[in-house]
Amino acid sequence: MNYFFSFLVLAEIFSIVAFSTNLLMGVVGIFSVAQAAIMGIGAYTSGILVMMGVPFPLAVLAAIAVCAGVNLISSLPSLRLAGDYFIITSFGTQLVATAVFINWSSLTGGASGLSGIPVATMFGYSFVTASQFAVLSTLALCLVALSFWLILRSPYGMMLNAIRLDEIAVVASGRKVLQTKIGVSAVSGAYAGIGGALYAAYISFIDPVSFDIHVSVLVVTMVVVGGARTLAGSIIGPFLLLAIPQALTLIDIPSTLVGPIRQLIYGLLLIAFMLWRPQGIAGKSL
Amino acid sequence: MTYLNVSNVNKSFGGIRALTDCSFSIRPMETTCVVGPNGAGKTSIFNVITGFIPADTGRIEFKGRDITAESRHDRVEAGIARTFQNLRLFETMTLLDNVIVCLGDNGANDPLSAVFRPFHTQAVLRRKREAAMMLLEQVGLAHKAGDQAANISYGQKKLLCIARVLATGAELLLLDEPTSGLAAAALDNMVELIHALKNQQKTLLIVEHNTKIVKRIADEVLFFHRGTLLAKGKPDEIIANEDLGKIYFGSGA
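Sequence lines, in order, name chains S and E.
Using UniProt numbering, count along the first sequence one by one with no gaps and you end on 286.
Using UniProt numbering, count along the second sequence one by one with no gaps and you end on 253.
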């Protein structure tokens with residue numbers, strides 16, 4: 001049972017990060033492969049603060065604020081660069097973040113990471129076991145999903161969709177596209193910050209590899225497979241893709257092959273969905 | 001005080017002069033047609049007035065205010081909005097949503113009110129839906145409000161462009177070829193709509209190729225050729241001018 005809950009918690013945390021990517025990439029069309037880096041910044045911010053004795057809820061709020069700010073800054077080039085070019089920029093953001101995680105060792109513990117991050121404690125409750133933590137992660141996922149849903153059905157959400165479809169037309173109608181993109185980058189960063197803070201508290205150990213480019217690509221794959229722009233897709237994708245390594249443990253293959261096979265399956269899924277079902281599992285036809 | 005005043009505007013793209021020393025002004029609540037052969041600079045002058053391309057030199061004033069260096073959205077706020085020759089609709093959105101996005105109403109247009117004031121946001125959205133619906137009614141598309149923009153006819157798409165530009169609340173509307181590619185019935189419909197807009201105190205600047213249409217809608221005509229304003233006058237005078245006719249239709253030589 002514990003096994004199931006630990007899968008649930010991880011899938012929920014990645015769903016929160018998938019919402020972050022979905023909002024930016026799926027809805028507005030700002031194609032970023034740096035969302036794991038933003039999640040990492042959230043994890044380190046919250047983890048370090050909690051280790052310094054800051055209460056968990058405050059550490060989460062700090063992670064939200066820092067990630068909203070960093071994501072906003074790292075998205076700024078997208079205000080000038082058209083889609084494809086921004087992918088390269090976000091790739092740069094990801095590499096810089098990983099380099100900082102590794103090299104700012106006095107703060108981040110360097111390549112060996114930070115261990116012994118205290119368990120999450122809120123309002124007198126400690127979320128120690130996977131099943132206890134699942135309460136917290138489910139609550140967080142519900143709040144993120146609710147806000148995603150509210151944003152998409154608001155006039156602001158309509159404008160986000162319109163920007164993806166034809167930015168020039170939105171500008172011509174007198175809308176402030178710059179301001180809109182800044183707002184959505186901050187929200188997307190906040191989501192990733194929540195995901196990162198929960199990850200640090202749950203795993204209690206974070207290192208640079210947990211938030212490297214592979215993880216960013218994995219999150220993009222989750223959104224593509226689940227279905228861009230949809231609420232269900234941001235949840236289906238992470239649950240499905242994180243179930244693959246679990247399923248692999250049921251098959252009798254050498255343990256050294258599990259990692260590469262998992263990566264192979266992720267890659268093939270990404271290609272297959274892009275070719276044959278670009279709208280993803282939950283997506284409406286494009 | 002002049003209404004829209006364009007003075008000594010120049011624009012080059014590399015070695016190509018798109019606009020050379022263009023100066024003209026238009027009067028409020030009149031319909032001015034911009035005519036000229038392909039490459040005359042008609043769309044370029046639209047782009048310069050709306051801020052989509054910056055003028056190299058020159059000055060643009062709207063109701064006494066220098067807008068030459070203003071941003072595109074500030075110009076819309078000042079009261080100038082445009083349509084595009086290639087429509088630029090939000091194809092996968094409904095007609096109603098196409099109009100809502102363009103509404104000048106800025107209410108609830110931020111993520112914080114969407115998340116933390118959901119009921120207020122939905123109330124604002126209802127208000128916007130009503131306003132957008134009225135505009136769709138005005139252009140005769142109310143019955144298609146829930147359809148995807150991709151699924152309506154070309155003539156209806158052109159009407160949707162008018163509804164969107166009206167949604168901005170601007171008083172000076174720049175329409176880039178609103179009648180091109182329309183069949184006879186749709187064309188009459190558009191001409192009627194243009195007359196109706198004029199009756200609503202809108203000032204119109206329209207790129208138009210069809211001289212018969214120009215005669216029906218224009219109070220004044222600007223004739224462009226190779227980036228310069230060759231002539232300005234009443235539609236009958238411009239269309240009757242043989243020299244301009246030769247430039248426009250080719251001399252046949």
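I should point out that these hints are in silico values taken from the structure, not numbers from a laboratory.
Do not rely on the hints blindly, as some may be mistaken.
[Stated by the list, open to error] With a Cα cut of at most 35 Å, we get these calculated DSBU-like pairs of lysine-lysine:
#1 E:212 x S:176
#2 S:176 x E:234
#3 E:157 x E:202
#4 E:157 x S:176
#5 S:176 x E:198
#6 E:234 x E:63
#7 E:202 x S:176
#8 E:202 x E:212
#9 E:215 x E:198
#10 E:63 x E:232
Hinted pair, alpha-carbon criterion (35 Å max): residue 202 of chain E, residue 212 of chain E. Please report holds or violated.
holds (22 Å)
Starting from residue 215 of chain E, check that the Cα of residue 198 of chain E is at most 35 Å away, please.
holds (15 Å)
Has the given pair, residue 202 of chain E with residue 176 of chain S, been kept, meaning a C-alpha gap of at most 35 Å?
holds (24 Å)
Against the 35 Å threshold, does the CA-CA distance of residue 63 of chain E and residue 232 of chain E hold or violate the hint?
holds (21 Å)
Between residue 157 of chain E and residue 202 of chain E, does the CA-CA distance stay at or below 35 Å?
Holds: residue 157 of chain E and residue 202 of chain E sit about 21 Å apart, inside 35 Å.
Is the Cα-Cα distance between residue 176 of chain S and residue 234 of chain E 35 Å or less?
violated (38 Å)
Going straight from one Cα to the other, do residue 212 of chain E and residue 176 of chain S come out at no more than 35 Å?
Judged against 35 Å, a Cα distance of about 39 Å means the pair is violated.
Is residue 157 of chain E close enough to residue 176 of chain S, meaning Cα to Cα at most 35 Å?
holds (24 Å)
35 Å Cα cutoff - pair residue 234 of chain E, residue 63 of chain E
holds (23 Å)
Straight-line Cα separation of residue 176 of chain S and residue 198 of chain E no greater than 35 Å?
Roughly 28 Å between the alpha carbons, so the hint for residue 176 of chain S and residue 198 of chain E holds.
Figure legend: structure checked against the earlier numbered hints; hints not met, in rising order: 1 and 2.
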